[in-house]
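Using the sequences and the hints given, assemble the complete structure.
In case you want the letters, here they are:
Number of protein chains: 2
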Amino acid sequence: MEAGVKEIFDSVILRFGGELWIKRAWTRRMYKRRLVRNIKNVLRRYEVPYSEIVSRHGRLFLRTGSALEATQRLARVFGVSSVSPALEVGSSKLEDVVDRSVFLAGRVLGEGNSFAVRCRRVGDHPYSSSDVCIVVGRRILDEFGEERSLKVDLKGADVGLGVEVRGDEAFVYSAVVDAVGGMPLGTQAKVVGLLSGGIDSAVACWLVMKRGCPVVPVYFDNAPYTDETTNERAIEVANALFDWAVGFPRKMYVVPHGDNLKKIIENCSRRFTCLLCKRMMYRVAERLAEVVGAEGIVTGEAIGEQASQTLTNLRVLNTAAQKYPIHRPLLGFDKAETERIARKIGTYKPSTRKAKGCTAVPKKPATMAILKEVMEAEKKLEIEEMVEKSFHSSRTLSE
Amino acid sequence: MEAGVKEIFDSVILRFGGELWIKRAWTRRMYKRRLVRNIKNVLRRYEVPYSEIVSRHGRLFLRTGSALEATQRLARVFGVSSVSPALEVGSSKLEDVVDRSVFLAGRVLGEGNSFAVRCRRVGDHPYSSSDVCIVVGRRILDEFGEERSLKVDLKGADVGLGVEVRGDEAFVYSAVVDAVGGMPLGTQAKVVGLLSGGIDSAVACWLVMKRGCPVVPVYFDNAPYTDETTNERAIEVANALFDWAVGFPRKMYVVPHGDNLKKIIENCSRRFTCLLCKRMMYRVAERLAEVVGAEGIVTGEAIGEQASQTLTNLRVLNTAAQKYPIHRPLLGFDKAETERIARKIGTYKPSTRKAKGCTAVPKKPATMAILKEVMEAEKKLEIEEMVEKSFHSSRTLSE
Chain A
864 MEAGVKEIFD SVILRFGGEL WIKRAWTRRM YKRRLVRNIK NVLRRYEVPY SEIVSRHGRL
924 FLRTGSALEA TQRLARVFGV SSVSPALEVG SSKLEDVVDR SVFLAGRVLG EGNSFAVRCR
984 RVGDHPYSSS DVCIVVGRRI LDEFGEERSL KVDLKGADVG LGVEVRGDEA FVYSAVVDAV
1044 GGMPLGTQAK VVGLLSGGID SAVACWLVMK RGCPVVPVYF DNAPYTDETT NERAIEVANA
1104 LFDWAVGFPR KMYVVPHGDN LKKIIENCSR RFTCLLCKRM MYRVAERLAE VVGAEGIVTG
1164 EAIGEQASQT LTNLRVLNTA AQKYPIHRPL LGFDKAETER IARKIGTYKP STRKAKGCTA
1224 VPKKPATMAI LKEVMEAEKK LEIEEMVEKS FHSSRTLSE
Chain B
864 MEAGVKEIFD SVILRFGGEL WIKRAWTRRM YKRRLVRNIK NVLRRYEVPY SEIVSRHGRL
924 FLRTGSALEA TQRLARVFGV SSVSPALEVG SSKLEDVVDR SVFLAGRVLG EGNSFAVRCR
984 RVGDHPYSSS DVCIVVGRRI LDEFGEERSL KVDLKGADVG LGVEVRGDEA FVYSAVVDAV
1044 GGMPLGTQAK VVGLLSGGID SAVACWLVMK RGCPVVPVYF DNAPYTDETT NERAIEVANA
1104 LFDWAVGFPR KMYVVPHGDN LKKIIENCSR RFTCLLCKRM MYRVAERLAE VVGAEGIVTG
1164 EAIGEQASQT LTNLRVLNTA AQKYPIHRPL LGFDKAETER IARKIGTYKP STRKAKGCTA
1224 VPKKPATMAI LKEVMEAEKK LEIEEMVEKS FHSSRTLSE
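Chains A and B are the protein sequences, given in the same order. For what it's worth, the working numbering labels the leading residue of the first sequence as 864, then goes sequentially. For what it's worth, the working numbering labels the leading residue of the second sequence as 864, then goes sequentially.
Errors might be hidden in some of the hints.
Each pair may be met inside one copy or between any two copies, as identical chains are not told apart.
Said to hold, decoys possible - Straight-line distance between alpha carbons at most 25 Å, and here's what the computed DMTMM-like set of lysine to aspartate or glutamate pairs gives:
no., residue 1, residue 2
1, Lys1186, Glu1241
2, Lys1198, Glu882
3, Lys1018, Glu1200
4, Lys1053, Glu1236
5, Lys1227, Glu1241
6, Lys1207, Asp1041
7, Lys1186, Glu1239
8, Lys1018, Glu1202
9, Lys1186, Glu1245
10, Lys1235, Glu1153
11, Lys1114, Glu1095
12, Lys1217, Glu882
13, Lys1227, Glu882
14, Lys1114, Glu1099
These are computed hints drawn from the structure, not numbers from a lab.
Below is the structure:
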């Protein structure tokens, strides 16, 4: 969007993804209500003024004098598929629609630009969508065509002018900004997210948030095998994630896990340290899920990404979670793909700040652990007692 | 790549993803051995002639007179991150490297092109990488610079000339083709993949294949609630997937499931039909996993994608799998993202061919099923008997 057109817009058009339309009417209404609530929370948090938000024929329209800022903020609300700053026409009469379109064209079309006009129309009108395109296109050429050397290009236009006619209202716009997509946060059940502060777990949490699940992050504090830098990194990453969940609690659970890890190292084969550590984490996460009313546990594991994450080891890990599914949205991702998302969502920078790595990691971890051996190793630990102790000594961090 | 340069290449450079380099030496060797085997299988299947494939300093080099075809085929081998058709220099002497580079430049640089030279060097040589770039660049400008109006552009060059010097060998190339990435197929344990023939399950299977897991596909034949068109669609989709697993068995298990579905409909609340149907599928898949030695089960479920796939319902589904983890690589995907991958991997077309949808799907499926109610419903079924019967009446389809 050009800087010079800043002040002309008076509204924003919000579009939803195609997935919403295959839902039943009841579900759709519930999703839309939740989306509107999430949108209002974002506008309030960033102090973006607006007068009204209305739902019409499968779109949301926001009336605001800060259309560009609203566009930028709302493109990051889950459930929104694209956003356009727009001009309200005030009626759906053809001449009004054409006038307003030509006005916008006059502001956004530059010397030598090619342009195309597209119209979407819902409702009964004495004109067709292609009438709108033809009349608007002709008027633009008549008014500035020669002076600015404009030309029509229906395929690769520099500027696409859009006209939306919905019942007795109409809007015109000149840019469609891709938004994050997904489903409105809060339309699915809660999950507990194992958040290490590293790149993967943050992206995993974000991906389930994108599908509508509020995430309750839990961080396992492995001190003395890690230190304050590791904790601070996790807090920063959690904050970056919370920015995607405006209106939801900004609260992270911190579980002291160093004692457990110490017992694991002292009593069991070093080959199994990471597996046993993680199995304990799953168990504590299950306790937490019960208490917060979550329906699953999310982790950042990807197949083969680390020694503990071979497919064989994932199976060994899974048996530690008895009541809740372990969801692994990164299962099929390459590291490079995960990093690309982390950059996009703002967790890459905090995830890669300097932090102490866990010193309990052994030199030769088991890559193909056998469940029976792992279970045997765990017999040397007071598993239940350890879980209860960890769970009850956990604290929450919130802003 | 220009058509005119077809015949000049005599070799192909294959590069691996960054993930391979963080593995331990033993794992890396095993991965590379597997990759070479997979590559040979692809070349054999498509009858691409080659004389040798050698591993040098973190690259594979293939000597072949069909470099362009090999490039196209090998870009679709899991574990390969990029491919370049190349010219072998035959020595690593600077003058030979320069001669060969200039020869290639003469073939690929067109009128008005901008170009850049890049060199990667491993080993001891009496020249540096930037020496190579400077000398080659200068020679190119001397020989054809004026005549073809060439210019150097280090950032956005039309043609990037690459020089790879590895020990006493060297190769030059002019194009880097992005490959599929991931890990060599067969470096992870097997999984059983629930393949419906629809878009999602095929992409889910492909994603775990990409991470190295061979997939044993199983299809549940719901006749009379589906028909031959549904079966044919699944077979076509399986064949598209098998093309990504050259050298691995092209075998799909088909389980008669209509009787189970009939019993579910007759005995249990219609709200639970899809959940109970899927729980049965998981159980049969577990039996199959035992027999084929798989370590997990893969499904195409994504959060909220269908009524049976709310997070709450996924938890209800999970309890049916007692021994194997249910892996859901699409968990965090929007439908549009899944479709994009399906198009890329060649399963979209077969997945969307005309096929009868399952007529057992109820009008009002439960979106927030309560586990206790589902368990109660299952009491009316002879679950174990049904599983055993299905499993033993399954047949395999192979080419």
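We went through each hint and held it up to the structure:
With identical chains, the CA atoms of Lys1186 and Glu1241 are at most 25 Å apart both within one copy (19 Å) and between copies (19 Å). Within a single copy, Lys1198 and Glu882 get their C-alpha atoms only as close as 28 Å, which misses the 25 Å cut-off; across copies the closest is 7 Å, which meets it. With identical chains, the CA atoms of Lys1018 and Glu1200 are at most 25 Å apart between copies only, with a shortest distance of 24 Å across copies and 31 Å within one. Taking the closest pair of Cα atoms, Lys1053 and Glu1236 come within 25 Å of each other only across two copies (21 Å); inside a single copy the shortest separation is 34 Å, beyond that limit.
Only within a single protomer do Lys1227 and Glu1241 lie at most 25 Å apart by alpha-carbon distance; the minimum there is 19 Å, versus 45 Å between protomers. For the homomeric pair Lys1207 and Asp1041, the shortest alpha-carbon distances inside one copy (13 Å) and between copies (21 Å) are both at most 25 Å. In this homomeric assembly, Lys1186 and Glu1239 come within 25 Å of each other (Cα to Cα) both inside a single copy, at 21 Å, and across copies, at 18 Å. For the identical chains of this complex, Lys1018 and Glu1202 are inter-copy neighbours only, at 23 Å across copies versus 33 Å inside a copy, given an alpha-carbon limit of 25 Å.
In this assembly of identical chains, Lys1186 and Glu1245 lie within 25 Å of each other by CA distance both inside one copy and across copies; the values are 20 Å within and 24 Å between. Taking the shortest alpha-carbon separations for Lys1235 and Glu1153, only the inter-copy value of 16 Å comes in at or below 25 Å, while the best intra-copy value is 28 Å. For the homomeric pair Lys1114 and Glu1095, the shortest alpha-carbon distance inside one copy (14 Å) is at most 25 Å, but the shortest distance between copies (50 Å) is not. Taking the closest pair of Cα atoms, Lys1217 and Glu882 come within 25 Å of each other only across two copies (21 Å); inside a single copy the shortest separation is 40 Å, beyond that limit.
Taking CA atoms no more than 25 Å apart as the test, Lys1227 paired with Glu882 passes between copies only; the shortest distance there is 18 Å, against 46 Å inside one copy. When the C-alpha separation of Lys1114 and Glu1099 is checked against a cutoff of 25 Å, the pair qualifies only within one copy, where the shortest distance is 12 Å, while the shortest distance between copies is 48 Å.
Of the numbered hints stated above, none is contradicted by the structure.
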